[in-house]
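Engineer: Please arrange chain B on chain A, whose structure you already have, making use of the hints.
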Amino acid sequence: MIPGNFHYHRPESVDDAVAILAKYGDEARAVAGGHSLIPMMKLRMADLAHVVDLQAIGDLKGITVDSSTVTIGAMVTQHELIASEPLAQAAPIIREASLQIADPQVRYVGTIGGNVANGDPGNDMPALMQCLDATFVLTGPNGTRDVAAREFYEAAYFTAREDDELLVAIRFPATQGGYAYEKQKRKIGDYATAAAAVLIEKDGSSCSAASVAMTNLSDVPVYCQGAIDALIGSTLDASALDAAVAAMQEAIDPQADNRGPVEFKRHVAGIMLRRAIERAASRA
Amino acid sequence: MDKMHFKVTVNGKQEELLVEPRELLIHVLREKLGVTGPHIGCETSHCGACTVDMDGKSVKSCTVFAAQANGADVTTIEGLGTPDGLHVLQQMFKEHHGLQCGFCTPGMITRAYRLLQENPDPSEEDVRFGMSGNLCRCTGYQNIVKAVLASAAELNAVKEAAQ
Numbered sequence: 001m002i003p004g005n006f007h008y009h010r011p012e013s014v015d016d017a018v019a020i021l022a023k024y025g026d027e028a029r030a031v032a033g034g035h036s037l038i039p040m041m042k043l044r045m046a047d048l049a050h051v052v053d054l055q056a057i058g059d060l061k062g063i064t065v066d067s068s069t070v071t072i073g074a075m076v077t078q079h080e081l082i083a084s085e086p087l088a089q090a091a092p093i094i095r096e097a098s099l100q101i102a103d104p105q106v107r108y109v110g111t112i113g114g115n116v117a118n119g120d121p122g123n124d125m126p127a128l129m130q131c132l133d134a135t136f137v138l139t140g141p142n143g144t145r146d147v148a149a150r151e152f153y154e155a156a157y158f159t160a161r162e163d164d165e166l167l168v169a170i171r172f173p174a175t176q177g178g179y180a181y182e183k184q185k186r187k188i189g190d191y192a193t194a195a196a197a198v199l200i201e202k203d204g205s206s207c208s209a210a211s212v213a214m215t216n217l218s219d220v221p222v223y224c225q226g227a228i229d230a231l232i233g234s235t236l237d238a239s240a241l242d243a244a245v246a247a248m249q250e251a252i253d254p255q256a257d258n259r260g261p262v263e264f265k266r267h268v269a270g271i272m273l274r275r276a277i278e279r280a281a282s283r284a
Numbered sequence: 001m002d003k004m005h006f007k008v009t010v011n012g013k014q015e016e017l018l019v020e021p022r023e024l025l026i027h028v029l030r031e032k033l034g035v036t037g038p039h040i041g042c043e044t045s046h047c048g049a050c051t052v053d054m055d056g057k058s059v060k061s062c063t064v065f066a067a068q069a070n071g072a073d074v075t076t077i078e079g080l081g082t083p084d085g086l087h088v089l090q091q092m093f094k095e096h097h098g099l100q101c102g103f104c105t106p107g108m109i110t111r112a113y114r115l116l117q118e119n120p121d122p123s124e125e126d127v128r129f130g131m132s133g134n135l136c137r138c139t140g141y142q143n144i145v146k147a148v149l150a151s152a153a154e155l156n157a158v159k160e161a162a163q
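Here the protein sequences come in this chain order: A and B. Read in order, the letters of the first sequence correspond to residues 1 to 284 in full-length UniProt numbering. Read in order, the letters of the second sequence correspond to residues 1 to 163 in full-length UniProt numbering.
Simulated from the structure, these hints should not be mistaken for laboratory data. Do not take every clue at face value.
What the hints assert, rightly or not - Derived CB-CB ranges, DEER-like:
#	chain 1	residue 1	chain 2	residue 2	range
1	B	THR9	A	THR71	30 to 38 Å
2	A	ALA238	B	VAL158	52 to 60 Å
3	A	ALA209	B	GLU118	32 to 40 Å
4	A	ASP229	B	GLN142	45 to 53 Å
Since the model is a prediction, treat every value here as computed from it, not as a measurement. C-beta atoms are modelled at their ideal positions from N, C-alpha and C, and glycine is treated no differently.
If we strip away everything but chain A, and leave its shape as in the complex, we get (with noise of 0.2 Å):
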């Protein structure tokens, strides 16, 4: 499989990445670590005339831990996500989800940027992203903003980035509490059949703050404050993971493939569910 052929580009720092961007609009597209683009490209599902490679800019690299705030760089790889101690101190569920993303191979290469601004629903980043509640920064030829990763993602594969703007680091505050990320797939190195990102922290035996997320559930990650409210303020007893996984079925809206029909991906979504809250709350 051959990919059709395009004009390479290896800029050196953001400002040149974006100008070319900029000048050559959806014709251009950057490329991170390529696993989604380029098996689109050899299928020849994606044509691109220019594509910019970012992994000579230094800029898009490094994690940093300050003040329980973390900041990852967009080229940042799943590798690195797993291999970064003070990283697995300040959000150990970054480690937990990304050791579920494709096989070694694949990790070594995929990057933290690429996965959550490629806008594909079946990657396990947005989610968890949402879950976090990370911000996005995002800098075009105008300058920098930041944008809410729940606010990110508009339809698969549209997101709140523009043409010419590039995604630059991810930022969230550090965690407290338990953590899980459960994920069903049908083999090493698949996309979900359905997966939840859950943060729980308790105060004695009763939840005091939680976060929900869902992947690939719909076409968008799946923040689900239905479920957040019914685990807030209760001890984490059957009725409310209940109530949990029912306000979460409303939220998902899963379609048929060749993962499974959709009844078949609702039972997996609420027994992902209640794996991870019951982990989360383990570790709380």
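Structural biologist: Frame of chain A; chain B shown alone:
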């Protein structure tokens, strides 16, 4: 679209050639440089038969544009050992019959090489997880895992003896 000057170090040897940016690393290795150890299996980033070591990372060379690999240091199965002087991994794959048809073997060994660089003393679970991006159509996994674990033990014994 212009061809670009492409520099790459493959198994310690510097190469310079003209490529189209869209050419995939696996094609450049096999067709232009005659390095046919890495195999073209699924071509969809699943099977791992094309795995090479690029700048200290295991990558699937069917999903890397030549342009992205410009300037890279690549090691393939050919760079790990010779028929007369097998790498420990090659020797252990032979001893434990970590291959059946052998098609996946270069990718398996190249991946196992990086896995053992990062984790010299892996558990069986570590090996299975670390090798999960490589598929064997003969399902010879039991012996592949044995071979990787035996390689780790052998390499560690050599290291201890040296100290």
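Engineer: Which of the numbered hints above does this structure break?
Structural biologist: Violated: none.
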